[in-house]
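K.L.:
Based on the hints, put chain B in the right spot on chain A.
Which chain is which? The protein sequence lines are A and B, in order.
Residue numbers 3 to 296, in the working numbering, belong to the letters of the first sequence in order.
Residue numbers 3 to 296, in the working numbering, belong to the letters of the second sequence in order.
In short, the hints are calculated from the structure, not lab data.
Just to be clear, a hint being listed does not mean it is correct.
For chains that are exact copies, the list does not tell them apart, and a pair is met inside one copy or across any two.
Said to hold, decoys possible - Capping the alpha-carbon separation at 16 Å, the derived lysine to aspartate or glutamate pairs in EDC-like fashion look like this:
#, residue 1, residue 2
1, LYS105, GLU115
2, LYS105, ASP256
3, LYS275, GLU221
4, LYS275, ASP256
5, LYS105, GLU162
6, LYS275, ASP254
7, LYS105, ASP257
8, LYS275, GLU260
As a plain string of letters, each chain reads:
Protein chains: 2
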Amino acid sequence: MTLRIIHERAHLREALDAHRLDGRTIGVVPTMGALHEGHLSLVRAAKREADVVVVTIFVNPTQFGPNEDFEKYPRALAQDAALVAAQGADLVFSPAVEEMYPKGEQTRVRVTELSLGLCGAHRPGHFEGVLTVVAKFFSLIGAGVYFFGEKDYQQLRVIERMARDLLFPVRIVGCPIVRQEDGLALSSRNVYLSQHERQVALGLSAGLFGARSAYALGERHVGELVRVAQRIINEHARDGIALQVEYLEIRDADDLAEAIADATGLITPRERKVVLLVAARLGSTRLIDNILLE
Amino acid sequence: MTLRIIHERAHLREALDAHRLDGRTIGVVPTMGALHEGHLSLVRAAKREADVVVVTIFVNPTQFGPNEDFEKYPRALAQDAALVAAQGADLVFSPAVEEMYPKGEQTRVRVTELSLGLCGAHRPGHFEGVLTVVAKFFSLIGAGVYFFGEKDYQQLRVIERMARDLLFPVRIVGCPIVRQEDGLALSSRNVYLSQHERQVALGLSAGLFGARSAYALGERHVGELVRVAQRIINEHARDGIALQVEYLEIRDADDLAEAIADATGLITPRERKVVLLVAARLGSTRLIDNILLE
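Okay, chain A solo, but in the shape it has when bound (with noise of 0.2 Å):
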């Protein structure tokens, strides 16, 4: 089958009832484009446990404050398609805003306790758009798997838990962390990123990393994890370029609890699942990414 690339909701509607009818399963990737490697690992996902693979490609301007970078934000349909093509997916949704917020449109998603903190503390209002346009993905495309990237750590939290609270009769499934070869978390926001930045940026990884191998040699002490990110993170540093830490933190990898240590400091139950979750700025550009301790 040939990708077909579709832009209104009636013709996707359409489509998808084409599908079910004759029994196929459906599978969603909802990406913002400009993808990579991150992306097309979703799609080969999605291919493995769907028959029918449809990729959304839609920059969702809820989901960016009013200084974000929705205006900038790279958009490459056409090669966009050609790459999820190559993956065998079936169908690009590619709406305008206007078909997924309709005139008058008012209505608004959230999740209280996990949107609060991390990302959601530096981006008001972005788990809101995010779970909006999401709710709308899942009510327009209907019963089917989803899958989101693991880079989103809180995001694929959130979304997960609207999912189940407002019973949709949908699968969410978290797929792996995509890295270049260094280490670099992929992020259609490394565009933005100069070579000397990209050298800096190169210690949010090594500083996970790092954190990564103190707990794999038994330490427990949250505050020692933090540090010794931290402190791989600030090395990288070069030329006056740095990176600014808008949080480094460690949270239970399932309901993102900040309570996870006892009055020492230490991780209880030692066995606990955590996740060690970073967001900085270089420059104009935001930058995140996570790593499991376990």
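P.N.:
Okay, now just chain B, sitting in the frame of chain A:
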């Protein structure tokens, strides 16, 4: 077909999937139970438009304020089931709270502008609770025609907006208010009224009818129309029992806009479809009513 009463989501999905496989359309009447003739008129409307009629009976905790009547709200499942069975309903879905609000739930749906003012101003969080549970029913039950009463006029408009904005594959049908012969709009909360209070409560419908008559005679001054209704409401006070009006307002019938009059207070354009809405307290009972002026 005889009525089937279902308490679990999984069973409801199975039953509906079977109907859909057989090509039957689904009509849904969401209620909080304590059914009266108003609800039954919705069931009959659903029966006319859909092959399978589902009545949901769920007293939704999130739409009650902390000092409202969630605990004492009338519950009568067996009687309700008998009533809807007599109208030809096929399924009653009566879930426990944990079925609709999974453990750890923290997702909420809101509509911004339409929820301001009127009941939204007097019952903080009310529409968020309504929208959240209705979105859950849309997700769980899926494509279909959903019937709501026009007595909850703002609720109807807010739900329509949410359904459209979140791209749910549903059609919303509003059905006319059902009144007793003396004019009192049917409400599950009417059981709270003493005989004495009931006579005073008639001021609401009488006031609305009075304003409608004035409108029919050509009156277009917003303030005068409201005064006509308020005067009649006041005249129904007796023996120290009086309706305490929370709001008595004329709004645009479609978007509930407040700005419907010119600088002199006259409705513009003269043929604008408007609605006169009222909410009032009688002792601890809160009553609402409305009427279209067209």
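K.L.:
Would you pick out the hints that fail for this structure and give their numbers low to high?
P.N.:
The structure conflicts with no hint, since it agrees with every one listed earlier.
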